[in-house]
Amino acid sequence: MATSDSEILAVTGNEAVAEAMGQIDPDVVCAYPITPQTEVVQLYAQMVADGRVDSEFVTVESEHSAMSAVIGSAAGGARTMTATSSQGYALMWEVLYVAASYRLPVVMTTVNRALSGPINIHCDHSDTMGGRDTGWIQLYGENHQEAYDNCIQCVRLAERMDVRTPAMHMYDGYVISGAIGPLQMLTKEQVQGFIGPYHAINPMLDSQHPVTVGPFDGLHGFYFEHKVAQNRAMDRALTAIQDVADEYAELSGRHYGLLDPYRLDDAEVAIVVVGSTAGTTRMTVDKLRARGVKAGMVRVRAFRPFPHEAYAEALEHVKVVGVMDRADSPGAQGGPVFLEVRAALYDSDPRPQVLPFLYGLGGRDIFPDNIEQAFAVLEEAAQSKQRTSTERRYLNLRKD
Amino acid sequence: MTVDKKAGAKKPAPLRKPRVRKPAVTKPRWDISDINSWGPERHELGATIPEAGNSTFNITGGWRSEVPAINREKCDGCMLCYFYCPDASIVIENGKAVGVDLEHCKGCGICAKECPTRAIVMQIDEKE
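In order, the protein sequences belong to chains F and B.
Count the first sequence with my numbering and you get residues 1 to 400, in order.
Count the second sequence with my numbering and you get residues 1001 to 1128, in order.
Rather than coming from a laboratory, the hints here were simulated on the basis of the structure.
If you're wondering where the values come from, they're calculated on a predicted model, not measured in any experiment.
Check before you lean on any hint, since a few could be wrong.
Sample of chain B residues with no beta-carbon within 12 Å of chain F, all distances over it, derived [unchecked claim]:
(1) GLY1077
(2) LEU1080
(3) TYR1082
(4) TYR1084
(5) ALA1088
(6) VAL1091
(7) GLY1095
(8) VAL1098
(9) GLU1103
(10) LYS1113
(11) THR1117
(12) ILE1124
(13) ASP1125
Simulated restraints, written as ranges between beta carbons of each label pair [what the hints assert, rightly or not]:
(14) F/GLY331 x B/THR1060: 42 to 48 Å
(15) B/ARG1029 x F/ASN231: 29 to 35 Å
(16) F/HIS199 x B/MET1079: 39 to 45 Å
(17) F/HIS199 x B/TYR1084: 38 to 44 Å
(18) B/GLY1039 x F/ALA290: 55 to 61 Å
(19) F/ASP162 x B/ASP1034: 23 to 29 Å
(20) F/HIS199 x B/ARG1118: 52 to 58 Å
(21) F/HIS199 x B/ILE1092: 39 to 45 Å
(22) B/LYS1113 x F/TRP93: 34 to 40 Å
(23) B/GLY1039 x F/GLU56: 35 to 41 Å
(24) B/LYS1113 x F/VAL60: 31 to 37 Å
(25) F/LEU397 x B/GLY1039: 45 to 51 Å
Some chain B residues near chain F, calculated using beta-carbon distances under 7 Å [what the hints assert, rightly or not]:
(26) HIS1043
(27) LEU1045
(28) GLY1046
(29) THR1048
(30) PRO1050
(31) ALA1052
(32) ILE1092
(33) GLY1109
Ideal placement from N, C-alpha and C gives every residue a C-beta, glycine not left out.
Construct the entire structure; sequences and hints are all you get.
Following this line, the structure appears as structure tokens:
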């Protein structure tokens, strides 16, 4: 049953996600508050205190402890969730790998914020882009509605037997987390029906079938095999992400994919972008189209696993692709998304040019004019007879 | 750690016949006899061991360079060696330390360090 006629609420992104968590009603939530995620934890703790959910809420003294408690809870056999941002995500770092390698189907909300230093609390993607190799599934949302929808879909995704890998979903700090936007919710019954009951694998609390979780592997050395198994699960997650999204569309009437193309079919220049800036980019594409420029856009949804074949298919006919990164990899050829997209297009013939753009670090504003400037670079490159330099181009940077 | 170098330098003091602690199960139920030929799909999800207490099948006595020697006359039965031993290798009979599980004792010397009556001393474990 599509619920597109349901009431439209005005909520912050964090309220949207707290409501999603409330409807998921996991067995356990272990979390520590950090700007700009704080509201999620605060609202959820309130729901627990008010008896709106049955969850056990575990207050911890740090994010390292939050993720460690999450692992203990999930290994014990409980459906477990958490949320974090920025420095908290960084503090979880070593334990994120542990959750993934134990194949615990945990779901985490990460509200994107810059990493220190200089100390900065505003939006960029340094936190989760830095953690792209932890073995977690990563879905980037664009707006309030998608933050809510991705949170619910992540539960199904992580718990699928062919995936069984922790999943995190992200949305932009402040721009989405703190600003008010529209949200249409499912009912709790619909959400419960969608996610289904939780099935634990080898739960430690099953005393009839005792197990050892997290044994030392250094003596006989099967680490390599386990890492390959994780990677195979990631490959299967590509299919799973689309399956879960299609099933969710039947329930909600809202459609999602591995990536989100816009006016791309006949595009000659296109921008790849992550998160809330996609809205501004769409508007700019429309403006350029009205002027006769064949502009298009792809919004990144799944970043881990990265659907490289889908990107090659979506972008191979485009002459010049600009990739907008809101996180840098100092010393690399470009930001993390640039590296992925450029690699994905390497086998295309003719091979599109792929140019790196950096924007929005530490919450630097990104205006429609800045995106037009990026498109102007792409158009010039498309008309040039020579290949254009792949040096980083910075949008809205104060000049020397 | 208390190392009786004098005893080690010469002939080691005669040890009591090693006693082996009885494992909870005598044979692993989880058959891993051909585990060295397992590819990524054969292994348990997340490297979990689907069996409890099977570390007794992992013989670690060979790591040892020193071995505890127990003087039963000096032992007053305080059990500190038993509680502190990280490998659960102290064998207790009638409330007193009577031997060491040499298949699992790694020779760390914590028992000798903790023993308040110096009933346990470490000696060089001379291998053949």
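Hints and how they fare:
1. GLY1077: holds (32 Å)
2. LEU1080: Holds, since 27 Å exceeds 12 Å.
3. TYR1082: holds (23 Å)
4. TYR1084: holds (21 Å)
5. ALA1088: Check passes; 15 Å lies beyond 12 Å.
6. VAL1091: Nearest chain F Cβ is 24 Å from B/VAL1091, so the label holds.
7. GLY1095: holds (29 Å)
8. VAL1098: holds (29 Å)
9. GLU1103: holds (15 Å)
10. LYS1113: At roughly 24 Å from the nearest Cβ of chain F, B/LYS1113 sits farther out than 12 Å, so the non-interface label holds.
11. THR1117: Given that every Cβ of chain F is farther than 12 Å from that of B/THR1117, nearest at about 34 Å, it holds.
12. ILE1124: holds (25 Å)
13. ASP1125: holds (21 Å)
14. F/GLY331 x B/THR1060: 42 to 48 Å: holds (44 Å)
15. B/ARG1029 x F/ASN231: 29 to 35 Å: Distance hint for B/ARG1029, F/ASN231 holds at roughly 30 Å.
16. F/HIS199 x B/MET1079: 39 to 45 Å: holds (43 Å)
17. F/HIS199 x B/TYR1084: 38 to 44 Å: holds (41 Å)
18. B/GLY1039 x F/ALA290: 55 to 61 Å: Distance hint for B/GLY1039, F/ALA290 holds at roughly 56 Å.
19. F/ASP162 x B/ASP1034: 23 to 29 Å: holds (26 Å)
20. F/HIS199 x B/ARG1118: 52 to 58 Å: holds (55 Å)
21. F/HIS199 x B/ILE1092: 39 to 45 Å: This hint holds: roughly 43 Å between Cβ atoms.
22. B/LYS1113 x F/TRP93: 34 to 40 Å: With Cβ atoms ~36 Å apart, the hint holds.
23. B/GLY1039 x F/GLU56: 35 to 41 Å: Holds - the Cβ-Cβ distance for B/GLY1039 and F/GLU56, about 39 Å, lies within 35 to 41 Å.
24. B/LYS1113 x F/VAL60: 31 to 37 Å: holds (35 Å)
25. F/LEU397 x B/GLY1039: 45 to 51 Å: Hint holds: Cβ distance 50 Å, inside 45 to 51 Å.
26. HIS1043: Nearest chain F Cβ about 6 Å off; hint holds.
27. LEU1045: Nearest chain F Cβ about 5 Å off; hint holds.
28. GLY1046: holds (4 Å)
29. THR1048: holds (5 Å)
30. PRO1050: holds (5 Å)
31. ALA1052: Interface hint status for B/ALA1052: holds (3 Å vs cutoff 7 Å).
32. ILE1092: Because about 24 Å separates B/ILE1092 from the closest Cβ in chain F, which is outside the 7 Å limit, the hint is violated.
33. GLY1109: violated (22 Å)
Comparing the model with each earlier hint shows violations of hints 32 and 33; every other hint is respected.
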